[in-house]
Amino acid sequence: MAEFLSLQEAVSRHISNGDTVCLEGFTHLIPFAAGHEVIRQGKRDLTLIRMTPDLVYDQMIGAGCAKKLIFSWGGNPGVGSLHRLRDAVEKSWPNKLEILEHSHAAMACAYEAGAAGLPLAVMRGYIGSDLPKVNDQIKFIECPFTGERLAAVPAIRPDVGVIHAQRADHKGNVLVEGIIGIQKEVVLAAKRSIVTVEEIVDDLGAGVNACVIPSWAITAIVEAPGGASPSYALGYYDRDNAFYKEWDTIARDRDTFTAWLNDNVFEKGVA
Amino acid sequence: MSLEFTSSEMMSVTAARALNNSMTCFVGIGVPSEASNLARLTHAPDVTLIYESGTLQTKPDVLPLSIGDGELCESALTTVSVPEMFRYWLQGGHISVGFLGTAQIDRYANLNTTLIGDYREPKVRLPGGGGAPEIATNAQEVFVTVKHSKRTFVKDVDFVTTVGFGRDGKARDNVPNIGQGPTVVITDLCILKPDPETKELVVTSLHPSVTRKDVIDATGWNVRFADDVKTTPEPTARELKVLRDLKARTHAHHAGQQ
Chain G
1 MAEFLSLQEA VSRHISNGDT VCLEGFTHLI PFAAGHEVIR QGKRDLTLIR MTPDLVYDQM
61 IGAGCAKKLI FSWGGNPGVG SLHRLRDAVE KSWPNKLEIL EHSHAAMACA YEAGAAGLPL
121 AVMRGYIGSD LPKVNDQIKF IECPFTGERL AAVPAIRPDV GVIHAQRADH KGNVLVEGII
181 GIQKEVVLAA KRSIVTVEEI VDDLGAGVNA CVIPSWAITA IVEAPGGASP SYALGYYDRD
241 NAFYKEWDTI ARDRDTFTAW LNDNVFEKGV A
Chain Z
1 MSLEFTSSEM MSVTAARALN NSMTCFVGIG VPSEASNLAR LTHAPDVTLI YESGTLQTKP
61 DVLPLSIGDG ELCESALTTV SVPEMFRYWL QGGHISVGFL GTAQIDRYAN LNTTLIGDYR
121 EPKVRLPGGG GAPEIATNAQ EVFVTVKHSK RTFVKDVDFV TTVGFGRDGK ARDNVPNIGQ
181 GPTVVITDLC ILKPDPETKE LVVTSLHPSV TRKDVIDATG WNVRFADDVK TTPEPTAREL
241 KVLRDLKART HAHHAGQQ
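Chains G and Z are the protein sequences, given in the same order.
Just so we're aligned: the first sequence equals residues 1 to 271 in the numbering used here.
Just so we're aligned: the second sequence equals residues 1 to 258 in the numbering used here.
For the record, the hints were derived by calculation from the structure and aren't laboratory data.
Predicted model only: the values in this text are computed from it and were never measured.
Just so you know, not all the hints are guaranteed correct.
[Said to hold, decoys possible] Okay, derived cross-link-like pairs now, BS3-like style, lysine-lysine, Cα gap no bigger than 27 angstroms in a straight line:
hint, chain 1, residue 1, chain 2, residue 2
1, G, 133, Z, 247
2, Z, 150, Z, 170
3, Z, 193, G, 91
4, Z, 123, G, 245
5, Z, 123, G, 96
6, G, 133, Z, 170
Please model the entire structure based on the sequences and the hints provided.
Put into structure tokens, the structure is as follows:
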């Protein structure tokens with residue numbers, strides 16, 4: 001059964017320096033509060049995996065938490081570059097960042113394989129792309145039945161998977177609604193999982209086909225209202241598009257970024 | 001009487017016209033999203049729009065800033081998980097058109113959204129491939145829309161993120177179970193289509209008041225023209241009104257004024 005913990009306890013107990021960590025959420029339900037707690041606790045040498053490293057990974061990379069990034073699209077959606085990510089890749093600030101780059105389809109398959117306990121994922125992918133030349137984790141195999149050449153990538157099996165969701169009940173069952181992305185797969189693929197939720201309720205109010213992750217498949221539940229902001233939680237609050245645009249200015253300059261981090265992550269802390 | 005319109009509007013309207021009601025379109029963000037929704041709001045009300053966040057048959061009132069804005073989910077027929085999106089709907093062969101933008105494109109319609117320069121020491125690190133590499137191979141055909149400039153239209157892309165026809169034009173030859181690749185490239189100056197034999201992009205239509213020299217000056221290779229180069233029809237008053245209303249609504253929404 002999932003254990004109810006504070007955000008501080010959950011991150012402190014379940015994320016260690018050097019771990020492979022996935023904070024997922026496909027544009028929706030991005031676990032910002034958890035990412036900020038990782039920054040506050042000064043975690044180091046993390047291998048961060050995420051299909052779309054957006055602002056939360058820009059912040060974690062800029063704060064020096066990451067040694068490696070595995071991803072498939074690293075931008076500020078609809079706005080442009082992630083400047084902290086670029087600064088780390090192009091100029092090794094605040095430290096050198098190793099990258100391993102995939103396509104979305106490959107990462108989705110790799111998470112699914114991780115959730116399924118398989119060592120690899122097979123897909124019709126990477127045809128004609130240069131990505132296999134720069135990523136040695138992309139191989140090609142022959143279908144034993146048809147002879148078709150298919151791409152293979154290793155399963156993602158992180159130490160820790162972190163997601164945000166709308167609700168948990170008192171037993172720790174979690175309901176995810178709206179754009180459900182890759183969230184269920186990352187929880188099932190990970191050795192340990194932390195789910196932050198908007199609220200804990202008596203009754204999940206889940207329809208028969210709802211996306212529910214049962215308590216016994218989760219390690220820790222954390223009540224963190226607003227925990228996905230400035231991304232959004234469908235039914236609770238909207239995406240703060242203005243902040244996504246503003247981030248472009250904040251992140252462009254190292255000093256402005258550092259000041260933002262001090263004011264909004266280190267000083268604010270958690271309630 | 002001729003209407004006044006910008007080259008960007010010309011591009012969006014022309015790209016919108018490439019879609020029809022019977023298509024199932026996997027939509028990229030930016031101009032593809034603008035054009036797809038313009039098609040839906042004008043001549044193709046039943047075109048099926050799909051975004052990679054898992055939203056099937058979505059009908060947003062304003063253009064999303066990202067492929068996962070709440071508007072897309074709330075106006076969709078249904079929303080599926082990201083693995084389901086890529087494995088069943090895209091790889092399973094249910095997408096007729098992949099509609100993509102790009103940072104660089106070459107004469108064989110290969111797309112680069114990864115970087116400018118060398119991979120390990122890039123001059124400019126771009127966001128990367130996202131869904132595009134497999135959209136381009138698993139959709140039945142691909143439409144590309146991009147602004148025309150020498151920086152964008154290069155002889156050889158720095159990195160093939162997403163294959164058009166490969167560096168020799170032959171990358172799709174004898175590969176089973178994939179789509180036919182880019183069938184049209186729409187820019188703010190013209191329309192290009194791949195030569196049926198060599199797969200090199202050839203200008204087939206010039207937008208009103210655009211000259212051959214304009215296109216040659218904005219293209220990084222010795223661009224060829226079809227024997228019968230047409231003039232792209234101008235936007236209609238209705239197309240311009242719907243496009244401008246859509247952009248105004250979108251602007252107001254994202255500025256938080258709604």
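Checked hints:
The suggested pairing of residue 133 of chain G with residue 247 of chain Z is violated, with an alpha-carbon distance near 40 angstroms, which exceeds 27 angstroms. With a CA separation close to 24 angstroms, the supplied pair residue 150 of chain Z and residue 170 of chain Z stays within the 27 angstroms bound. A distance of roughly 40 angstroms separates the Cα atoms of residue 193 of chain Z and residue 91 of chain G; the hinted pair therefore is violated under the 27 angstroms criterion. The hinted pair formed by residue 123 of chain Z and residue 245 of chain G meets the criterion: a straight-line CA distance of about 23 angstroms does not exceed 27 angstroms.
Between residue 123 of chain Z and residue 96 of chain G the alpha-carbon distance is near 16 angstroms, which keeps this suggested pair within the 27 angstroms criterion. As the CA atoms of residue 133 of chain G and residue 170 of chain Z are separated by approximately 19 angstroms, the hinted pair is consistent with the 27 angstroms bound.
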